[in-house]
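K.L.:
Given next are the chains, with one letter for each unit.
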Amino acid sequence: MDTLLQLVHGLSIAVAPHNLLFALIGVLLGTAVGVLPGIGPALTVALLLPVTYKLDPAGSLIMFAGIYYGGMYGGSTTAILINTPGESASMATALEGNRMAKAGRGGPALATSAIGSFVAGTIATLGLTFLAPTLVDIAVQFGPEDYFALMCVAFVTVSATFGDSAVRGLTSLFIGLALGLVGIDKLTGQARLGFGMPELLDGVEITTLAVGLFAVGEALFVASRRNHAPEQVEAVRGSLWMSLDDWRRSWKPWLRGTFLGFPIGALPAGGAEIPTFLSYSIERRLSKHPEEFGHGAIEGVAGPEAANNASAAGTLVPLLTLGLPTSATAAMLLAGFQQYGLNPGPLLFADHPQLVWGLIASLYIANLMLLVLNLPLVGLWVRLLSIPQPWLYAGILVFATMGTIAAKPSVVELGMLTVFGILGYLMRRFDYPIAPVVVGIILGPVAEAQLRRALSISLGDPLVLVQSPISATLLGIAVLALIAPFVLKGLSRFRAEED
Amino acid sequence: MNPKAKRPDMAGVAIAAGLAVIAGIIWWDATGLVAGSPYGLGPDAAPKVIAAGLGLLAVANFVTAWKGTMPHREAGEMGPIVLIVGGLAALIAIIALGGGFILATAILFAATARAFGRRALAVDFGIGLAIGVGAYLVFAKLLTLSLPMGPLERLI
Chain A
1 MDTLLQLVHG
11 LSIAVAPHNL
21 LFALIGVLLG
31 TAVGVLPGIG
41 PALTVALLLP
51 VTYKLDPAGS
61 LIMFAGIYYG
71 GMYGGSTTAI
81 LINTPGESAS
91 MATALEGNRM
101 AKAGRGGPAL
111 ATSAIGSFVA
121 GTIATLGLTF
131 LAPTLVDIAV
141 QFGPEDYFAL
151 MCVAFVTVSA
161 TFGDSAVRGL
171 TSLFIGLALG
181 LVGIDKLTGQ
191 ARLGFGMPEL
201 LDGVEITTLA
211 VGLFAVGEAL
221 FVASRRNHAP
231 EQVEAVRGSL
241 WMSLDDWRRS
251 WKPWLRGTFL
261 GFPIGALPAG
271 GAEIPTFLSY
281 SIERRLSKHP
291 EEFGHGAIEG
301 VAGPEAANNA
311 SAAGTLVPLL
321 TLGLPTSATA
331 AMLLAGFQQY
341 GLNPGPLLFA
351 DHPQLVWGLI
361 ASLYIANLML
371 LVLNLPLVGL
381 WVRLLSIPQP
391 WLYAGILVFA
401 TMGTIAAKPS
411 VVELGMLTVF
421 GILGYLMRRF
431 DYPIAPVVVG
441 IILGPVAEAQ
451 LRRALSISLG
461 DPLVLVQSPI
471 SATLLGIAVL
481 ALIAPFVLKG
491 LSRFRAEED
Chain B
1 MNPKAKRPDM
11 AGVAIAAGLA
21 VIAGIIWWDA
31 TGLVAGSPYG
41 LGPDAAPKVI
51 AAGLGLLAVA
61 NFVTAWKGTM
71 PHREAGEMGP
81 IVLIVGGLAA
91 LIAIIALGGG
101 FILATAILFA
111 ATARAFGRRA
121 LAVDFGIGLA
131 IGVGAYLVFA
141 KLLTLSLPMG
151 PLERLI
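Protein chains in written order, with this note's numbering: chain A, 1 to 499; chain B, 1 to 156.
Any given hint could be a false lead.
[Said to hold, decoys possible] Under 7 angstroms between C-beta atoms, here's a sample of chain B residues computed to sit facing chain A: (1) 26; (2) 29; (3) 43; (4) 46; (5) 76; (6) 84; (7) 92; (8) 105; (9) 116; (10) 146.
What the hints contain is simulated information worked out from the structure, not anything from laboratory work.
Keep in mind that this is a model prediction, so the values were computed, not measured.
Backbone N, C-alpha and C define an ideal beta-carbon position, used for all residues, glycine too.
Turn these sequences into a full structure, and let the hints guide you.
P.N.:
Here it is as structure tokens:
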């Protein structure tokens with residue numbers, strides 16, 4: 001009951017005109033960047049962080065959440081119409097959706113993805129509403145050693161378990177951890193990795209790192225490969241409406257996708273790729289028309305799209321209740337909280353209930369706005385794809401440098417932006433994942449602080465880490481998750497040799 | 001498997017070497033720190049753990065590179081990259097010398113557009129100027145962010 005009261009109170013905040021306006025700006029921006037290939041919600045939030053730090057925290061965070069949700073909708077439009085998924089989570093959608101568009105059924109493909117996203121987003125936000133307070137009750141009992149163990153789980157799952165290669169994921173994570181070391185050690189006041197430069201004493205700015213890796217790195221990478229001709233945009237042909245048969249074939253995949261996406265997103269496992277691909281293969285197995293898969297089966301769009309959106313709401317659960325980001329966008333949202341001096345976690349629910357519940361309530365509104373905006377305006381969104389690429393990326397770079405210099409007026413910061421941009425390019429070129437770097441720089445210092453707190457309470461006895469049952473379990477999970485990919489890889493190699 | 005992919009991958013070896021160098025720098029930096037409290041971990045513990053981890057990862061990266069099992073994307077062109085990085089360098093130089101935000105922005109815009117294959121350099125420079133003025137008006141005047149000043153900014 002308490003939760004419902006809080007939610008109603010949150011709704012009264014979310015419908016305040018200026019908050020509605022922020023939500024609207026968020027979903028519009030999010031859809032736009034989701035549609036544009038190569039620009040994801042993480043990059044957009046990173047670009048907006050420096051220019052919003054003087055605005056009202058509640059409004060900006062509502063806007064960021066709108067961008068997150070909007071990016072998920074917009075990404076599917078691009079995946080269906082040009083077969084270039086804006087983000088990896090839309091890859092499954094592109095498989096079937098683009099075939100549908102080529103067969104003249106682009107309208108129903110867009111419709112089932114938008115309505116499915118709405119259904120999944122709403123159910124998953126309900127899940128967030130009721131799961132979050134429960135998790136907060138558990139999280140208040142966490143001691144510093146438990147938090148440290150939780151961070152270890154996040155490190156391993158974000159970098160090692162689900163990437164293509166555990167070694168490359170961990171390499172990215174450790175680069176992030178190393179960057180997180182830079183600056184003054186808070187306990188002893190000594191400079192670490194300062195190299196005598198005063199600009200480095202405050203540490204590496206998370207926004208500079210993120211904008212460099214995402215915006216500059218992506219621009220460099222795309223520019224170096226621009227001779228790879230972009231794919232043709234399919235015009236939206238046929239009715240936007242789904243036939244009765246389309247509805248009949250879509251509703252179960254929507255629900256199944258939701259119940260895959262939300263829990264997997266809520267686990268500190270990271271990413272929407274796993275649930276979308278799981279949903280795709282389950283729909284393929286359950287479908288009455290398996291022969292249509294690969295040629296434009298509507299179930300193959302409906303399920304993964306629902307899973308994709310549900311997992312976005314799922315990642316907000318560990319983010320809001322534990323301060324644990326499990327995707328690049330969630331990491332940027334966390335940076336957004338931190339720029340206002342807010343720390344997501346159980347205390348946030350106690351100290352700023354109006355902000356948290358206003359944010360959660362605004363998610364329902366954002367979802368509704370996206371449904372209304374997306375279907376009728378799909379033609380408008382598609383037109384965004386005709387912005388000439390040179391101007392698009394030139395504009396992104398101008399905005400990236402402006403945001404950086406506005407946040408910290410120093411040319412050293414711009415130099416770091418350039419260096420991180422080159423790092424981002426090299427990581428794309430040699431296929432190292434980007435998200436673990438951002439998670440590492442944000443969570444690394446937190447994990448270190450919690451570990452040192454735990455050990456100073458226990459007077460230096462390291463056994464404290466395994467004496468708490470929560471911490472011992474979490475550390476066990478982390479070790480298992482670290483070893484699993486190597487064992488599984490050995491298994492699959494064994495199987496490949498057998499074939 | 002294509003036999004070419006089995007050769008040692010020199011870029012991968014270079015990455016492994018780079019990681020080893022970073023690990024060494026972090027370790028060396030950590031040895032200069034003074035332990036703070038008698039109990040618990042000093043400020044040098046985390047850097048040493050991270051340096052050790054990076055060292056291990058350098059070895060692991062070296063092994064995959066030597067076996068040639070690293071995934072590889074085709075090299076791409078270097079020209080556009082030089083143009084964009086040059087644009088960023090020009091932007092930094094102009095701001096450092098007091099040329100202001102708008103002029104620096106216009107040059108970065110033109111250089112990036114050029115890197116993406118546009119040939120109309122003067123037109124792009126003009127667009128960059130217009131964007132710079134617009135952004136300056138919105139962000140410096142409306143949102144009161146501080147942007148680097150130069151002769152053009154003082155005119156507005």
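K.L.:
To test your reading of the hints: which numbers does this structure violate?
P.N.:
none
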